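Asks: Chain residues, written in single-letter form:
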Amino acid sequence: MAVETASVDAPAADDGDVALARAAAGGDGRAFEALYRRHSRRVYAVVWRLAGGQAARAEDLVQESFIRAWQALPAFRFESAFTTWLHRLAVNTALMELRSRSGNEDRETDDAMLEHMGTADTAGQRVREQLDLERAVATLPPRARAVLVLHDIEGWKHEEIATELGMAVGSSKAQLHRARNLLRKRLGEDHERD
Amino acid sequence: MSETEMLWKLRQLPREIEPGRDLWPGIAAAVGQPRARSRARWLAPFALAASVLLTAGIAWRAQHDATAVPAVAVATPATSSKPTPELPATRGATATGSMQGALAGDANRSRMITGTVVARESRAVTDEYQAALRQFDGAPLPAEVAPTLHALDQSVAQIRRAIAVDPGSVFLLEQLRRTYELRLSLTQRAVMG
Numbered sequence: 001m002a003v004e005t006a007s008v009d010a011p012a013a014d015d016g017d018v019a020l021a022r023a024a025a026g027g028d029g030r031a032f033e034a035l036y037r038r039h040s041r042r043v044y045a046v047v048w049r050l051a052g053g054q055a056a057r058a059e060d061l062v063q064e065s066f067i068r069a070w071q072a073l074p075a076f077r078f079e080s081a082f083t084t085w086l087h088r089l090a091v092n093t094a095l096m097e098l099r100s101r102s103g104n105e106d107r108e109t110d111d112a113m114l115e116h117m118g119t120a121d122t123a124g125q126r127v128r129e130q131l132d133l134e135r136a137v138a139t140l141p142p143r144a145r146a147v148l149v150l151h152d153i154e155g156w157k158h159e160e161i162a163t164e165l166g167m168a169v170g171s172s173k174a175q176l177h178r179a180r181n182l183l184r185k186r187l188g189e190d191h192e193r194d
Numbered sequence: 001m002s003e004t005e006m007l008w009k010l011r012q013l014p015r016e017i018e019p020g021r022d023l024w025p026g027i028a029a030a031v032g033q034p035r036a037r038s039r040a041r042w043l044a045p046f047a048l049a050a051s052v053l054l055t056a057g058i059a060w061r062a063q064h065d066a067t068a069v070p071a072v073a074v075a076t077p078a079t080s081s082k083p084t085p086e087l088p089a090t091r092g093a094t095a096t097g098s099m100q101g102a103l104a105g106d107a108n109r110s111r112m113i114t115g116t117v118v119a120r121e122s123r124a125v126t127d128e129y130q131a132a133l134r135q136f137d138g139a140p141l142p143a144e145v146a147p148t149l150h151a152l153d154q155s156v157a158q159i160r161r162a163i164a165v166d167p168g169s170v171f172l173l174e175q176l177r178r179t180y181e182l183r184l185s186l187t188q189r190a191v192m193g
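Sequence lines, in order, name chains A and B. Heads up: the first sequence begins at 1 in my numbering, then just goes up one per residue. Heads up: the second sequence begins at 1 in my numbering, then just goes up one per residue.
Okay, chain B solo, but in the shape it has when bound (with noise of 0.2 angstroms):
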């Protein structure tokens, strides 16, 4: 046999040869476990980078706030931390009904700083926390984490509405901010696995 026809042979040789038994069933067993932590690794510095981005914005938020705060703490005597001055003993009718006329205007005022300040707030804290969740856009999500995501952000879009209606509400901030933490949260975990 010459060469050229031994070469020949060679490359009619089959491309594909079906093996002797299905080898999946060992490859699926292999490789479930390996994948998760592979997965995990690949996300770890998503999962980092989103935490970073939330903490830097609440520590600027709250920097914010110091700032903020006092001057509603200071036109609100009710929630003042400093007692209400007495009056004067000497002040008569007069002076007494000026001075209440000048703490309703301070409440209204109040009421709309509050206001003011829980709208920014809230429109702070969705940016932010919408902007770690991102982070995590595309990435496998197990099924069963599904339903309760979609629970959290339906929770947050009632919230938002409400303190649309109720802008003053701090209760309501302070709720979008803990259901917000709860949904960076489970996806963290369900991401990471």
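Isolated chain A, as found in the complex (with noise of 0.2 angstroms):
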């Protein structure tokens, strides 16, 4: 089941965006250091996600994005909202450091540590710590958690994220199915244990 998730764009705030972009874009580093302050919690949080809640990870990716955003301002043409290309841009930037981290050992790896955790929390041998929605999201793999990350809390379509991720958009629809079996397993499980 898709759910339509709401737009990143805030059309309130984009007037004042575009003012500071276009500042920014001339070199006004006021300009764009309040770009940051306004829109680093929106973007911290998706790569943070994306990151697996990766504190360090996370904060690295917002500081990149933030560096690329700087270099790529002067050719932005403001075709979009300014929201949308930045939070693509973090997008961007973190599925790139997915990528070169995460070959297909390194995925199967991920599939295999949660699945061991499945059956060692039914088990009984799995640390005893209530997961909240957030932490399950995050010991998801590093693709399925991407594709469910960017569909139910961003509100992509597949067609997006299969261009963002190299990849099929059939397989961005298997990755998010498999991410939502993932998840509801690991929350259910969670539900038993209280």
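Everything labelled a hint here was simulated from the structure, so no lab data went into it. Note that the structure is predicted; figures quoted are calculated from it, not measured. Treat each hint with caution, since some may be false.
[To be verified] Example chain B residues on the side facing chain A (calculated, C-beta under 8 angstroms, incomplete):
| hint | residue |
| --- | --- |
| 1 | M1 |
| 2 | E3 |
| 3 | K9 |
| 4 | P14 |
| 5 | E16 |
| 6 | I17 |
| 7 | R21 |
| 8 | L23 |
| 9 | G26 |
| 10 | I27 |
| 11 | A28 |
| 12 | V31 |
| 13 | F136 |
| 14 | L152 |
| 15 | V165 |
[As the list claims (entries may be wrong)] Here are the simulated DSSO-like cross-link-like pairs (lysine-lysine), alpha carbons at most 30 angstroms apart as the crow flies:
| hint | chain 1 | residue 1 | chain 2 | residue 2 |
| --- | --- | --- | --- | --- |
| 16 | A | K173 | B | K9 |
| 17 | A | K185 | B | K9 |
| 18 | A | K185 | A | K173 |
| 19 | A | K157 | A | K173 |
| 20 | B | K9 | A | K157 |
| 21 | A | K157 | A | K185 |
[Said to hold, decoys possible] Derived, one-sided and incomplete: chain B residues facing chain A with beta-carbon distance under 7 angstroms:
| hint | residue |
| --- | --- |
| 22 | L13 |
| 23 | E18 |
| 24 | P19 |
| 25 | V145 |
Backbone N, C-alpha and C fix where the C-beta goes; we use that ideal spot for every residue, glycine too.
Two chains, two frames, a set of hints: combine them into the complex.
Replies: Shown next as structure tokens:
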């Protein structure tokens, strides 16, 4: 079941964004800092989830995203909302890092780890720590997690996700199905333990 | 937990999370130098266009002068590269007086022509340099160069007023050209960082 999530754009705030972005594109560092103050929490939230809840990685990704934004701003044509442009740039930065880290072997390791955790939980050997939804998402395999975060939390379409992740649309749908099943299983197990 | 319930909970996750530390200092330190290069690349075509525009204008003026200046030089014995022809010894006082009158008339005519040429040149120089400077309209300039640019603009205004009073001054025309040249050069350097 697909859930339409709210757009990342905030029209009320975008008017100010345009002026700030134009100033920043012209070299105004204070305007760029204002953009950072406006959007860093939103950017951090998405890259933190894509990074599996690893704060240090997420912080690095936020910094890299804003540095890339500064570099790219002079070429930004304002054909889309600044927030959309910035968030896509941040997601792209995080996914590039994800691809560089996770080869097939790594993904299998993540999958195996998740399955092992589920088995261990059923056997009662898992650390007795109640996982909230965020932590459950963070334990998903990287690509499945990325698809779930972008589709179910960020509201992206499968076509957009497939383009960013370099996969077929069908693969994106399959990864989402897999991610939801794994997530539901984890959450169900948590409830069983409550 | 049903899928619907799970998806609803996913949508309720916070859309904003505060980073554990202020990440701006690291960003600010990293973005300073690269942007300067980026801005230079962005303005490089404008700087080149300004230079080409100015060079073309000056070249056109130089070519135009090649036809205008000889007319002035021929009419001005004192500044002519050719020596003034000696008067024939057989000519009398009347002939000499007539010649002096003719020379005085030539001198007046020369000053008028020189004035016209200098006035026309000063307008052309002003138009050409101002067109070149307009290429930088809106470009961010460091605050520290503003006083110098303002002083140069004032000098330009003073020289143009002086030329209006003394339209035959080649010296003032040259000063105007040099001041504009400095103004443009400084603007280019300030913009290019």
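Asks: Each of the hints needs a verdict: does it hold here or not?
Replies: Structure-based check of all given hints:
1. M1: holds, 5 angstroms
2. E3: holds, 6 angstroms
3. K9: holds, 6 angstroms
4. P14: holds, 7 angstroms
5. E16: holds, 4 angstroms
6. I17: Given a least distance of 4 angstroms, the restraint on I17/B holds.
7. R21: holds, 7 angstroms
8. L23: Since chain A brings a Cβ to about 5 angstroms from L23/B, closer than 8 angstroms, the hint holds.
9. G26: holds, 5 angstroms
10. I27: It holds, given that the least Cβ distance between I27/B and chain A is near 5 angstroms, below 8 angstroms.
11. A28: holds, 7 angstroms
12. V31: Since chain A brings a Cβ to about 4 angstroms from V31/B, closer than 8 angstroms, the hint holds.
13. F136: violated, 13 angstroms
14. L152: Since chain A brings no Cβ nearer than about 23 angstroms to L152/B, farther than 8 angstroms, the hint is violated.
15. V165: Violated: closest Cβ of chain A sits about 41 angstroms from V165/B, beyond 8 angstroms.
16. K173/A / K9/B: This hinted pair holds, its Cα atoms lying about 20 angstroms apart.
17. K185/A / K9/B: holds, 15 angstroms
18. K185/A / K173/A: Distance of about 18 angstroms is within 30 angstroms: holds.
19. K157/A / K173/A: Roughly 10 angstroms between the alpha carbons, so the hint for K157/A and K173/A holds.
20. K9/B / K157/A: Status holds; Cα separation ~19 angstroms.
21. K157/A / K185/A: holds, 24 angstroms
22. L13: Nearest chain A Cβ about 6 angstroms off; hint holds.
23. E18: At 6 angstroms from the nearest chain A Cβ, E18/B passes the 7 angstroms test, so the hint holds.
24. P19: For P19/B, the interface hint holds, since the closest Cβ of chain A sits about 5 angstroms away, which is under 7 angstroms.
25. V145: violated, 15 angstroms
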